Amino acid sequence: MTALAVTGLTKSFGGLRVTDGVSLTVEPGERRLIIGPNGAGKTTLFNLITGELASDAGTVALFGRDITRSACRRRAHLGLARTYQIITLFPRDTILRNVVLALLGLSGLRWNPFVGLDRQRHLVTCAGEALARVGLGHIADRPLTETSYGERRRVEIAMAMAQNPKVLLLDEPFAGLSIDERRDVRQLLAAIPRDVTIVMIEHNMDVALDLADRVTLLHFGAVIVEGTRAEVVADPRTREVYLGE
Amino acid sequence: MSGVSAPRVAFGVALFGLTTVPLWVGNSYYIDVASQILLFAVFALALNVLVGYGGLVSLGHAGLFAVSGYTAGLMLQAGFGHAAADVGAVLMTLLTAAVFAVLALRSTGIGFLMITLALGQILWGIAYRWADLTNGDNGVSISTRPAPFGISLAGASSFYYATLVVFLLALITMTAFARSPFGASLRGTRDQARRMTALGYNVWLIRFLAFLFSGFWCSIAGLLYIYNKQFISPQVSALQASAEVLLMVISGGTATLMGPIAGAAIVVVMKYVVSAYVVRWSLVLGVIFVAIISFMPEGLVPGSVRIWGFARRRWRARRKPAPGATP
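Chains Z and L are the protein sequences, given in the same order.
Its first residue numbered 1, the first sequence is counted upward by one per residue in my numbering.
Its first residue numbered 1001, the second sequence is counted upward by one per residue in my numbering.
For reference, chain L alone in the conformation it holds in the complex:
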């Protein structure tokens, strides 16, 4: 292979596009949409660790996301600084994720799904009903965004760049994870849990640590969310939010790095851009999901790669009529 491969070129172009978003988007509302795409991409990547690499479909991840946002919001309201609130949010989310994992990992498959769903609903109940703690339906608002290294994130552009940095860190970490021995161990537990045990792996502990890893990036996404909106309400923790992020992962392509990002982009664009023109935007979103599942059951990104490869082979076959001839 000569130096520059197609994926590298695509990655370079994408990175250039991402770093220049505020320049060519202009309108601060759309810059904000771009920030949301990136933060939900982090959330979807976090869920993908379990769904894609671990084969563990969770419907309670919005709960973890919300724990992080709420913890930070409430700590800020209580007078803590940003650093303390952020660390507190991450630790609280990890603790919650550990409890989730211990309870849900007694099972896999549908059992795992139902337990995570139930735990997510408990967190939603706390956010919605325990008004003394969470302010109930009114939610929690915060007055300031943090200013890391003295850089104010108050503007849409500066917040976008901060989100981009975190997003890239998440992407790098996920790439390393997917290629690492631990990532391979997790995929092994997804494909042949019994064989993995017989080979000497601690399947439960691998899944538990993966759950914590997923929970960590959920907490980061939750922090980005509350700083972006400067507000968090119970609907963030609702079942619908869990289903939405799961759809991002599945529609984009599980167990891929680009799939969850593409899925996050579709959902966020539908929610914040298309909804301005189409009142029943969720119907459009539903049609898109049905189309993806029908034509690319493996997800948008792997499906596109497959169809692209197929089209290219057809194109070559047409140009070179002798089918058996090899180059």
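Chain Z with its partners taken away, still in its complex shape:
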């Protein structure tokens, strides 16, 4: 059974077709890299997969289950987690609280108005462990406003991983990072167990290529090339999209 199956997915903003009949299938445990130049429709594709945007046509299936009509929040409960290219965290809270909120989102406890959230030891412990895995355990109690950009990227990943997703969507996890930080994040992603399927967007193909099993090249909202790393790199159309014009 495929982990994520997208067929004929289409989305237009006015007259602009941002996602143009995209189909792709990602096998369980696979690392899929989606590359493409600016404006290729990569993030829109993610928003359609997570349900943050409604598609005009096409279907999305998660482990064989059609989720095209499911609400965004429902898809999170079915095992779909994502990170954002433009970091989207809770600025008034600590790092730890950010991850606690990620855990709480999938817990029935989130409706409880009576107990103290800080007293929910299992949530706090789980969040601390998730932060330790991304190397932020020592600054868990720091307010988010006092963290660096690179640390926030890792908080994004910790929040997504804390939800124990089946399919993890990473939107440009290396964007804006220094060389050292990129190395750290790459190690972090490489250490994610294979029971998590990963789909990753990258604008710059070199950064994440060695993490990918298969690569999909998007251009003007449509799939241009798909194949193994070597196939896509060698394909003349890839060079045309990236170097041509």
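Warning: the hint list may mix true and false statements.
[Said to hold, decoys possible] Just a few of them, taken from the derived set where beta-carbon distance is under 8 Å, the chain Z residues facing chain L:
#1 P28
#2 G29
#3 G79
#4 W111
[Unchecked claim] Just so you have them, the derived chain L footprint on chain Z, three or more residues with Cβ under 8 Å:
#5 31-41
#6 84-90
#7 190-198
FYI, nobody ran anything at the bench for these hints, they're computed from the structure.
It should be emphasised that the depicted structure is a prediction, and the values quoted were computed from it without experimental measurement.
Cβ coordinates follow ideal geometry from the N, Cα and C atoms, glycine included.
Model the placement of chain L on the given structure of chain Z, informed by the hints.
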């Protein structure tokens, strides 16, 4: 930290002060002012749930407050007992709040504000114009206050204590709410609604339930109001009343527990105490608000905490000339 912290001491002193108000105030007019501060504090705390924790600025909350007072008043006039009138008032307010929420939560920000304003004005129109139901401009008066557990609340002191009990219950509930997972969920929808959806939260339902929670405490405040005054008139539901309670929340400090209480105290003291000495008391109130917004844009309570911390650091730095030295 050793056992007793400064906030706990302050809370203990405040609680002692509140429980002894009738003893050191004496004059029943001022005891009544104290009751009003507490009941408007409950109202402001209720609005703070939406404004502070939910980031949803409502300008129609006086309407909910008035629905509660009017329902109780009219039911009492119609011959119902106090218990029935109180339950009826709470249910009617919750129903109204649900309608408000369903309509207003189609939007956030300015849209939410304008829809709540419009709905509040509709309720004001009913109170003012539908004279067959609401007695129009003449308002509704009631002849008795309730006597829970056989204790008469007819006197200013006994009514004050009843209000204090309700106020403390509201404060405890709000404290628990602010610290609870649901409170954290609501704050999350305020700060990053989109991320909350992607994390699996039902943002709309969280806001809807928060609206009902807010509406519940509005109804309690409205009941305290009509029992306090034994009279309610359309001006209670007017836009000015909604703006006043919103100013209480904003001037005191949104998303804090003490802020709305401080804001309620300022407004009520201005209205009922300072107005006896200064004819243009609303001008004084305006100057105070401008001063708060200028020097403490985050509100009186968080602003005071900030300035106090700043002053203390300066004081320590002066006593210990070596700036880099750590204790």
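Exercise. Checked against the structure, which of the hints given earlier come out wrong?
Worked result: 1, 2, 3, 5 and 7
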